[in-house]
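Q: Read off the chains here:
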Amino acid sequence: MDRADADARIRSLIEPFNKAQVAITDDTTFAGDLEFDSLTVMDFVAAIEDEFDIIISMNQQAEIETFGQLVDAVVTLRG
Amino acid sequence: MTDAVLTPDQPSARAGTGIDLLAKFDPVIQMRASLLDGGQEDPFNLVMERVLSPTRAICNGRDTILLGTYNYMGMTFDPDVIAAGQAAMEEFGTGTTGSRVLNGTYSGHKACEAALRDFYAMDHAMVFSTGYQANLGIISTLAGKGDYVILDIDSHASIWDGCKMGDAEVVPFRHNDVDALEKRLRRVPEGAGKLVVLEGVYSMLGDVAPLREMVAVSKAHGAMVLVDEAHSMGFIGAHGRGVAEEQGVLDQVDFVIGTFSKSVGTIGGFCVSNHPKFEVLRLVCRPYVFTAALPPAVVACSTAAIRKLADGADKRAHLWRNSRRLHEGLRALGFALGTPEAQSAIIAVIMPDLERGAMMWEALLKEGLYVNLARPPATPANMTLLRCSLCADHSDADVDVILGMFRRAGEQVGLLSR
Numbered sequence: 631m632d633r634a635d636a637d638a639r640i641r642s643l644i645e646p647f648n649k650a651q652v653a654i655t656d657d658t659t660f661a662g663d664l665e666f667d668s669l670t671v672m673d674f675v676a677a678i679e680d681e682f683d684i685i686i687s688m689n690q691q692a693e694i695e696t697f698g699q700l701v702d703a704v705v706t707l708r709g
Numbered sequence: 024m025t026d027a028v029l030t031p032d033q034p035s036a037r038a039g040t041g042i043d044l045l046a047k048f049d050p051v052i053q054m055r056a057s058l059l060d061g062g063q064e065d066p067f068n069l070v071m072e073r074v075l076s077p078t079r080a081i082c083n084g085r086d087t088i089l090l091g092t093y094n095y096m097g098m099t100f101d102p103d104v105i106a107a108g109q110a111a112m113e114e115f116g117t118g119t120t121g122s123r124v125l126n127g128t129y130s131g132h133k134a135c136e137a138a139l140r141d142f143y144a145m146d147h148a149m150v151f152s153t154g155y156q157a158n159l160g161i162i163s164t165l166a167g168k169g170d171y172v173i174l175d176i177d178s179h180a181s182i183w184d185g186c187k188m189g190d191a192e193v194v195p196f197r198h199n200d201v202d203a204l205e206k207r208l209r210r211v212p213e214g215a216g217k218l219v220v221l222e223g224v225y226s227m228l229g230d231v232a233p234l235r236e237m238v239a240v241s242k243a244h245g246a247m248v249l250v251d252e253a254h255s256m257g258f259i260g261a262h263g264r265g266v267a268e269e270q271g272v273l274d275q276v277d278f279v280i281g282t283f284s285k286s287v288g289t290i291g292g293f294c295v296s297n298h299p300k301f302e303v304l305r306l307v308c309r310p311y312v313f314t315a316a317l318p319p320a321v322v323a324c325s326t327a328a329i330r331k332l333a334d335g336a337d338k339r340a341h342l343w344r345n346s347r348r349l350h351e352g353l354r355a356l357g358f359a360l361g362t363p364e365a366q367s368a369i370i371a372v373i374m375p376d377l378e379r380g381a382m383m384w385e386a387l388l389k390e391g392l393y394v395n396l397a398r399p400p401a402t403p404a405n406m407t408l409l410r411c412s413l414c415a416d417h418s419d420a421d422v423d424v425i426l427g428m429f430r431r432a433g434e435q436v437g438l439l440s441r
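Going down the list, the sequences are from chains Y and F.
Residue numbering for the first sequence follows the numbering used here, starting at 631 and increasing by one per position.
Residue numbering for the second sequence follows the numbering used here, starting at 24 and increasing by one per position.
It is worth saying that the hints were derived from the structure and are not from the lab.
Keep in mind that the hints are not guaranteed to be accurate.
Claimed, not checked - If you want a taste of the chain F side facing chain Y, the calculated C-beta under 8 Å gives, among others:
#1 Arg-79
#2 Ile-176
#3 Ala-180
Said to hold, decoys possible - Just a sample of chain Y residues kept apart from chain F, beta carbon distances all over 10 Å, derived:
#4 Ile-640
#5 Ser-642
#6 Phe-647
#7 Ala-650
#8 Thr-659
#9 Leu-669
#10 Met-672
#11 Ala-676
#12 Asp-680
#13 Ile-684
#14 Ile-685
#15 Ser-687
#16 Met-688
#17 Gln-690
#18 Thr-696
#19 Gly-698
Just so it is clear, CB atoms sit at the ideal spot from N, CA and C, and this is done for glycine as well.
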């Protein structure tokens, strides 16, 4: 799938979780910049999984630290 | 016991060393220090000086009603259970000093597994040295690299650790959410092995899983199902087999995990199953192979207790009645509880924060009541909980006394208005 399309859709999905209105770039980190705790991660991942009809296992999540890495992972998982 | 156990650690720099590998625990040290600085009695260092019965002990010098044990059926002081253990110790000695697959399987271990097969009416039973090892061993052995474990986000630590050890793909779903489970099952890649891991009773809030729906959805997607019934054995279900029995789906559960450290009143863990190839697990399950087998007295006590649990219908009814009474009484006092009604023998009282939870815990202890203080990360949604778990040996009068203690402690701490 198109990376720009995935980027735009994930950007809108992240909106309700981005409480501090942090500006999102490819280098924005979920744990550091966005301060996601484990419960937020679960809800956010569920939203992404539902949007793209994919599974992002916890093993895969462990490799994803930044917004850009997430977009890349979703593009890969969608094939 | 050394002073080191009783004295809170101090965060400090140690001269002459490289990176201190314990430095990552400084936030925990700080949390504990700030709690104790206020003169708070340490909730995580209670000593039971004497245990008088399943429901009474001398704790930190005080005569105390125990409302925070997992001794649901009061087996720990049962005369028949004690006699069985004493006889086994006399006859077989104090310990096995060996693995179940080498010199550690005595006739008592086989008798214990026979008692479990009878209790659950299942073909196979495997006894582990702890409940933690039962989950760790079975899950890690069933679900390996390339397989998928789909599990509830509020699963017990032993389940998470089993997932990690087995190196399977780990996919959690929102607590007790059947649709969330179904979606994830649907998305597992074609051809991958699937294990769904559920618990009958979730121990933090004492709530029960919708196993009927979850097992049906799992089976429809070709997954194997494992249910941990640690907190329901002996109490829930017509024969005390747990929530899967209560909801009529036990025959579709592939593996039931249980423990001896709750209703059975000893220590140990087990897995029961009807799977025709189950016995091979004894050879390939590392937490079963690479640890010493339970001592003879422990398996003898466990066997006697399991046989008694099978006939425990009257005790079960009494425990249900008192669980409902305590739940209704606490709700009437104005406490926020983890479930809308009593779903198990665990009643979780939700505290506004750790500080007031610890104050309430201490006030209750001074009243003569022990409950569990549970805090993150063990609790869901970062809650602080005072967890009450009843025993079939608590009398009706005990419940009234307990409610009076909660009222006075709640008023003193300011959680209830006078």
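Q: All hints are to be evaluated individually against the structure, with a verdict given for each.
A: Hint check results:
About 38 Å separates the beta-carbon of F/Arg-79 from the nearest beta-carbon of chain Y, more than 8 Å, and the hint is not met. Evaluation of the F/Ile-176 hint against chain Y yields a held restraint, the C-beta minimum of about 6 Å falling below 8 Å. The beta carbon of F/Ala-180 is not positioned within 8 Å of any beta carbon in chain Y (closest approach about 14 Å), and the interface hint is therefore violated. Every Cβ of chain F is farther than 10 Å from the Cβ of Y/Ile-640; the closest lies at roughly 17 Å, confirming the non-interface assignment.
Chain F leaves Y/Ser-642 outside its interface by the beta-carbon criterion, the shortest separation being 20 Å against a cut-off of 10 Å. Annotated as non-interface, Y/Phe-647 keeps its C-beta farther than 10 Å from every C-beta of chain F; the closest such distance is 15 Å. Look at Y/Ala-650: its CB is around 18 Å from the nearest CB on chain F, clear of 10 Å, so calling it non-interface holds up. The beta carbon of Y/Thr-659 is kept farther than 10 Å from every beta carbon of chain F, the shortest such distance being approximately 19 Å.
The beta carbon of Y/Leu-669 sits about 6 Å from the closest Cβ of chain F, which is not more than 10 Å, so the claim that it is off the interface is violated. Consistency note on Y/Met-672: stated as away from chain F, yet its beta-carbon is not over 10 Å from all of that chain's, at 6 Å minimum. For Y/Ala-676, the non-interface assignment is contradicted: its Cβ lies about 7 Å from the closest Cβ of chain F, within the 10 Å cut-off. Y/Asp-680, annotated as away from the interface, has a beta carbon of chain F within 10 Å; the closest lies near 7 Å.
Not every CB of chain F is more than 10 Å from the CB of Y/Ile-684 (nearest about 6 Å), against its label as outside the interface. Chain F draws Y/Ile-685 into its interface by the beta-carbon criterion, the shortest separation being 4 Å against a cut-off of 10 Å. Consistency note on Y/Ser-687: stated as away from chain F, yet its beta-carbon is not over 10 Å from all of that chain's, at 4 Å minimum. Interface exclusion of Y/Met-688 from chain F breaks down, the closest Cβ pair being 4 Å apart, not more than 10 Å.
Consistency note on Y/Gln-690: stated as away from chain F, yet its beta-carbon is not over 10 Å from all of that chain's, at 8 Å minimum. The non-interface label for Y/Thr-696 is consistent with chain F: the shortest C-beta to C-beta separation is roughly 21 Å, beyond 10 Å. With a least CB separation of 23 Å from chain F, Y/Gly-698 remains clear of the 10 Å interface cut-off, as annotated.
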